[in-house]
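Visitor: Once you have looked at the hints, place chains B and C on chain A.
Protein chains in written order, with the working numbering: chain A, 3 to 677; chain B, 3 to 677; chain C, 3 to 677.
Hints were generated in silico from the structure; no laboratory data involved. One should not assume that every hint holds.
Claimed, not checked - Result set (DSS-like, lysine-lysine): computed pairs, CA atoms no more than 25 Å apart in a straight line:
| hint | chain 1 | residue 1 | chain 2 | residue 2 |
| --- | --- | --- | --- | --- |
| 1 | C | K173 | A | K109 |
| 2 | C | K51 | B | K173 |
| 3 | B | K328 | A | K570 |
| 4 | B | K376 | A | K555 |
| 5 | A | K107 | B | K353 |
| 6 | B | K509 | C | K376 |
| 7 | A | K51 | C | K173 |
| 8 | C | K383 | C | K10 |
| 9 | A | K376 | C | K570 |
| 10 | A | K568 | B | K376 |
| 11 | C | K109 | B | K570 |
| 12 | B | K171 | C | K353 |
| 13 | B | K51 | A | K175 |
| 14 | B | K171 | C | K94 |
| 15 | C | K376 | B | K555 |
| 16 | A | K266 | A | K94 |
| 17 | C | K109 | A | K107 |
| 18 | B | K604 | B | K677 |
| 19 | A | K175 | B | K353 |
| 20 | C | K94 | B | K107 |
| 21 | A | K173 | B | K353 |
| 22 | A | K94 | C | K171 |
| 23 | C | K51 | B | K171 |
| 24 | A | K328 | C | K376 |
| 25 | A | K107 | B | K107 |
| 26 | B | K109 | A | K107 |
| 27 | C | K107 | B | K109 |
| 28 | A | K51 | C | K175 |
As the list claims (entries may be wrong) - Cβ pair distances, simulated, as ranges:
| hint | chain 1 | residue 1 | chain 2 | residue 2 | range |
| --- | --- | --- | --- | --- | --- |
| 29 | C | E104 | B | S638 | 30 to 36 Å |
| 30 | B | Y194 | C | D65 | 18 to 24 Å |
| 31 | B | T284 | A | N454 | 48 to 54 Å |
All C-beta atoms, glycine included, are put in the ideal place defined by N, C-alpha and C.
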Amino acid sequence: MSKPKFSKMLYGGDYNPEQWPREIWEEDMRLFNKAHINSATINVFSWAKLQPSEEAYDFSELDAIMERLAKEDMEIVLATSTAALPAWMCRKYPDVTRVDFEGRKHKFGHRHNHCPNSPSFKRFASELVHRLAERYEGHPNLKVWHISNEYSGDCYCENCEQAFRLWVKDKYKTIEAVNEAWNMTFWGHTLYDFDDIVAPNYLGDGIHDTAAAFAGLSVDYHRFNSDSLLNNFKMERDIIRLYDKETPTTTNLMGTYKGLDYFKWAKEMDIVSWDNYPSYNTPISHTAMNHDLMRGLKDGQSFMLMEQTPSQQNWQPYNALKRPGKMRVQSYQSIAHGADTIQFFQLRRSKGGVEKFHGAVIEHVGHEHTRVFKEVTELGKELESLEDKLIGTKTNARIGIIFDWDNYWALEYTSGPTVDLKYVDQIQRYYDACYASQLPVDMIKTDSNFENYDIIIAPVLYMVKEGISEKLEAFVNKGGQFITTFMSGIVDESDNVHLGGYPGPLKNLLGIWVEEIDALAPGSCNTIKTNGLLLQEEEYKCTMLCDIIHTEKAEVVGEYVSDFYKGKPVMTKNTFGKGEAWYIGTVPDQAVLNDLIDKLAKSKEIKGFRNLPSGIEITSRENSDTIFYFVMNHTSDPVTLNNKFGNAKDLLSGQEWSESINLSPYDVKIYEVSK
Amino acid sequence: MSKPKFSKMLYGGDYNPEQWPREIWEEDMRLFNKAHINSATINVFSWAKLQPSEEAYDFSELDAIMERLAKEDMEIVLATSTAALPAWMCRKYPDVTRVDFEGRKHKFGHRHNHCPNSPSFKRFASELVHRLAERYEGHPNLKVWHISNEYSGDCYCENCEQAFRLWVKDKYKTIEAVNEAWNMTFWGHTLYDFDDIVAPNYLGDGIHDTAAAFAGLSVDYHRFNSDSLLNNFKMERDIIRLYDKETPTTTNLMGTYKGLDYFKWAKEMDIVSWDNYPSYNTPISHTAMNHDLMRGLKDGQSFMLMEQTPSQQNWQPYNALKRPGKMRVQSYQSIAHGADTIQFFQLRRSKGGVEKFHGAVIEHVGHEHTRVFKEVTELGKELESLEDKLIGTKTNARIGIIFDWDNYWALEYTSGPTVDLKYVDQIQRYYDACYASQLPVDMIKTDSNFENYDIIIAPVLYMVKEGISEKLEAFVNKGGQFITTFMSGIVDESDNVHLGGYPGPLKNLLGIWVEEIDALAPGSCNTIKTNGLLLQEEEYKCTMLCDIIHTEKAEVVGEYVSDFYKGKPVMTKNTFGKGEAWYIGTVPDQAVLNDLIDKLAKSKEIKGFRNLPSGIEITSRENSDTIFYFVMNHTSDPVTLNNKFGNAKDLLSGQEWSESINLSPYDVKIYEVSK
Amino acid sequence: MSKPKFSKMLYGGDYNPEQWPREIWEEDMRLFNKAHINSATINVFSWAKLQPSEEAYDFSELDAIMERLAKEDMEIVLATSTAALPAWMCRKYPDVTRVDFEGRKHKFGHRHNHCPNSPSFKRFASELVHRLAERYEGHPNLKVWHISNEYSGDCYCENCEQAFRLWVKDKYKTIEAVNEAWNMTFWGHTLYDFDDIVAPNYLGDGIHDTAAAFAGLSVDYHRFNSDSLLNNFKMERDIIRLYDKETPTTTNLMGTYKGLDYFKWAKEMDIVSWDNYPSYNTPISHTAMNHDLMRGLKDGQSFMLMEQTPSQQNWQPYNALKRPGKMRVQSYQSIAHGADTIQFFQLRRSKGGVEKFHGAVIEHVGHEHTRVFKEVTELGKELESLEDKLIGTKTNARIGIIFDWDNYWALEYTSGPTVDLKYVDQIQRYYDACYASQLPVDMIKTDSNFENYDIIIAPVLYMVKEGISEKLEAFVNKGGQFITTFMSGIVDESDNVHLGGYPGPLKNLLGIWVEEIDALAPGSCNTIKTNGLLLQEEEYKCTMLCDIIHTEKAEVVGEYVSDFYKGKPVMTKNTFGKGEAWYIGTVPDQAVLNDLIDKLAKSKEIKGFRNLPSGIEITSRENSDTIFYFVMNHTSDPVTLNNKFGNAKDLLSGQEWSESINLSPYDVKIYEVSK
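Okay, chain A solo, but in the shape it has when bound (with noise of 0.2 Å):
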């Protein structure tokens, strides 16, 4: 497999000319070269241009544009075009379509939704996969091959209801087996036959996307889904191996979404690329949060931002413009945070269908006077000036946010305690905790080396499969600090309890037994009082789910001042070998969390920047001789910091030492710092 290392940053995106008569493909050749633009990702959506009927395949007009890039010396990024059906296929093989969640058989229209077990559909797919890669390998700007496009979403039809029976038949083994993961004898589901298993949708056992009446058996059937598309992706990637053993293949990602083991993805890809698109409202640590996750995926390596919109979304209830500067500095929020590359969706704004009003390089006025265009360019000339000199470049996280899609799954089909209950809001509150102090992040998962970090931290740990909690009790046991929540502990990888009270498994390591656990009111509150011993006020509020807890050998750190368990346990402590493992019953203020992560960081002596202005992020990239700080300002005012880096140069001005540093709306600097 191919390590892909770029000799420059990627700059560029998804471009269709097949829209467009052969003069406007000059027009945008003149222009990309205008905007400073190397790279151009095609065919993603050409499967109906490339095979006009069953028998026909025609590459000529995909010939042509990467020949017409190649002239200008683009870097190409090559989708295989499978994630659109053409409509012959949809209508002489209906099998290529899904049934949906409610069981409707769909015909063809939208993408990203063919069956991941059609037969047909992995006929057709395996052999334009085939013929490209033939085709195109050895192409000398051929850079990266993208199989497929966002995959997402699931199917319930036959074929799929057939494939999840051998599925289960080769995890399990056995019916009886089938029946213990699921516990079937509740309400009488026993299953005698393989045959008896029916797909969870609105049809079966299935209620809605977080309610189910066997979560075992939906959460297995996610894992299914997300295996059966995981095939299809390996499929087109060991055709592609079969010509080109060097070109990187990736797929693109789309942060937290809920529905793939990105994870287990992530092991198959060469490189992780993914679509990065905030709303005006999103938090700047929520996209921090999914880069951190992008580039956890695969250990730490640098990852492509396959997609940005240079302004304006279409698709968002409210599409505001990036105000000028905005997609700069989320550019290197991207940079800062992994990335290798800054590719936009789209290069030339299509002129019809749905994503006709979706921002892009080259807007429907079709010239380069636009702000757009501008600060595109703009951007572009920094980007090459850059050179390789990021290209590559490590995060040093020492703590670590355990993200599992299995949990994902599992904490949002249990029924009960709280409907409020999501699990990536619990994260982003302890990510968010990180963030208040700069803190950098890796997020990892159940079977990352717990050894790189001095603390981690898993929030909601509903599902702790086998292994977890010893390897947690090491990590501990060795120094380390762990954190942890109320709903922990609690299920197996087949979602039964773990018997002998909660938080199950993680009881030896939190030294605590929670007998019981109440869920609030909206709006209602209880509050903790902390004792003096961890945090600057002494009392703060806390919501949603309130743990009852009975130490064993943990210390309290936090109490509750009032309700029925008043004076009990809310925030504990259990010093475990060298380390300590923490447990937080509640979800407590921001604050809590903010003092209590930062307190530790301090005392594992981990480098951060406290008490910055809010809407200012300083993230860091090195490599073996050189630290490389981005002080963004994400907000529409000027910032003035004191100068935190004695005389190291910023990278984009040239700018050397001064006493403070003065950005203005949206600015970035980069400092190069010797180690």
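Guide: Just chains B and C, lined up with the frame of chain A:
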């Protein structure tokens, strides 16, 4: 038919040992004994276990469960297990599953979802019940047959549609009579053949749960569906009776659940049982009304509390813990209103499936050292000490509130005058008026014996079937007090308007004519003035609907203060024979209703408890020589009351006389007073 | 084609005596006479009665109804009865029912739901209309043919899908042209065969009513569906014309109902009729706009008010009574805006079915002693006294507002820039600006004769079809005032963007280029400053969308006060030939629009009534020598106005001159002023 009369209060609940290995059974027995649990409901969802395939039956595990329970001398509530279909049955006989309101055919999944008119379901269920009844009749510990579970829902498959046609034909005989009943000439829907009848789901004349083009048709479909499920119940009951002439039968009901006409059902049941699941914010008086309704189903016969949670629910949006003492006071509230058993769902918490976070006597931790287990044990001890003292005692109510499922269905199908009108809400307002003075209430049906009551209240008696107005006239004529409201007397049994002016057949009794019904916008109100006659204050708000009334013989007791009907009557009283008939033409402030009911109760010398602090309830049961007063504190604060019961003894604490009664939070006292 | 010109105002409404026995008919006649009712709309939903089975027809009851009405000399509006399918037809010919947007095949139920491309429907409807027309042509009391009823909805069955393919082929000729029109290369949707075309419901490229992957396709499906239903209308009309050359035809429309292109429909109708159902909180100006739109459909020809309720609705959420006088003033508002008839739904209230609480002249009480009957009678008397004085008089409007269904559909399908953008809302804002000064308005189509107007307003003229910009340029060139807004000039007939910069083909006329369109979050706003030129105040809020405009030739009349486009133009004026073209690049405070329109109207010496109290409307109709001013008080308070009509006489009261006009609540006066 057998008469249920328990020799002691059943205390126990749902028990599903099939999910657990035998060593757990032994631990269960130890814990049951410890908690003074004396009964178990078993076999609720065991069909798939009992019948692993079409050909095979296996009762060995059930035999073992029965035997093990019998060894502990536990009373057994034996379910027939037909409430959840085996997977093989759904696969091989798809007619057993339902077609839903939107026309979707369901597959294997969930429970409570067999098609009531499925030939296969009837064949298999009947075969199973034959075997169960034959096998277990005469078992010394078998106390109650529990048929199926929480019958509910509806089906719109072709078998149901065909059965509906026969039901319609049986009811109406001719297609002309059907056209007349459903007023099918309207919108040109005239039918010429019974085969023209289409089940009124979304694909036919239905719109949603409370909207349909032809309410008469949809109300009949409700009746048919309720009858269809009742036929399933009767089929099982009749099979049981072939073998077992004695043991009472029940099925667990669900309070004001809309789908089934419980009054009609209760006639077929030996004993009523029901499942009480108040939410954290359910008003106490709503639970009280539910209990009274369940007691009313069989004319005051005491009922089984078949299910309640020891502490936490799981399927509500916010599943708060029951505060210490709350489960106890809720249990005594059940008994106070007529329960002769206290049973939990569930005895041991499941480790998987959708209810794994539902409260249980034995929680996931598995031992007895939990708050919940201790509270269950304390209550068990108390109930044991009461022996059969309260069993079969009666409520002595002189106020009857009419609750009528036909009316419920028809009223909520009306298109106009306002979407805010809900049947149970309006019933609750009048129940609350009685509750405000702690006046005992019977929830009655239209064919109850009205002579048992001094006051009869019929809020929104929209549908007045044949003979009802005459019955009410006779009641008032002899001295009864009758209260009804806006939207009464409007339609006949078939939802056709009683012509000649509202309130139709009630006009004579009420002495009024309602010319118009104004619907008020949300947030709007009128004011009513009561002329100093009836109430303490002179002016009150009223909302939602305002009848414009002409008195014909009635006296005006309240009039509107504003809008174009200012000065027109809003509340009237008609002296009719020796009694009075009151009409409330709007939704007034609750105080108006409280005052009116209190005044009438006083005039009839009905004993109540007035001016109690909020959250204090006093309810009584009695036998021929003794009254038992249940004094309950539903609040989290201590409360002191004046002693109202002389030197009576509190059955629970053994405490006698004192000048004041001190109730700790959620406290209960039962005073035994000789008549 | 006949020209409708009534000799007197029709006063009556829907009459369904089929539901009632003959003695009720006699009572109806007595009451109609009493109420001065002179017409009845009959046979609207009688198909099942007229054709009891596939083979049998029975006109005897309809004959009797016609005869009985004729005996009273009532004018008859005779419906063709095809708006509700007989049950037998749905059962035996399922192609007559629809498949809905979600792909569900419907069965017998409701009305207005035949499949427009069903061969069986066409065959049966055609046969029925042949018989009706043959039988009743020449009937002396037959005044209008009323074809079907409230055509609406859409179908996605295979017959429609197949018909759509033919429609598309007929329009575009080649599949290449289809691909071009719908921009199918986007997302790889290129079609190679007309059979690849899939109806755009939820199973295809549709998403919901205002979202689709390919707006061009979905807009064409709207056109096709509108045409399909129009073909049903034309089929019936043409059959009628085989027998009856004279009697005008109509079908009742529904104001701004989205589904059908009423301008296209009106061309096929002899007379427009419509159903006016304001809710308790519908703005008066919205009803006024609806009337003007209905009058505009046939270029100012007066219309029939086919339905209104005498008092109460039943299908609105809150069905308030019409206050005393309100029905009268709403009736005169209809006449003032162009109605030549006042007809009610319904004459007698149904006793069953979904509309049984819908208001009627004869209510359930059945007699004439009701407020509603009295008000109907009073109005009947008045209308009778007016004889034919107002019939056929015209509105003299010099302002035209363009309303365009293609635009309506396309605009609301846009994905971005904001979900808050709704077509009718934006039209209403400009209508309200005219209404604020009581300036007469014509609602016009893009192919209306613009020369009839001094001012043309085209809010959100998103779709600019071929020839429109030239037509507008010619209009302004000759001295016209033209106003348009943001989101104008964006797409062509096929929803493909006009390239080269917004507002596309309107750039030349407006003298601007819109570079960007910013969407504001809910609750956000910008401020605009009008430089003291245009308006009284200097600064106003604006919301929703903010265009960033470059003036090319235009003059800036308003600029932004904040955000990064501070100081940039928001409102511009371009002098073009002898006229001016205004562009409003945002949604400003209503005051801005009111002031602008008023200023332009004054400059054109358009007469209005300024500074009237809120709720007062003055509208006029005229003939060659007289103007009739309708002065209406839509409020529940008395109002005094300065006399504006010299010594004119009020036609209703006969009152002449006075210095002030005193209007009681909901009062109306009609002043007859010689030209």
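Visitor: List in ascending order the numbers of the hints, as given earlier, that are violated by the structure.
Guide: 5, 11, 16, 24 and 29
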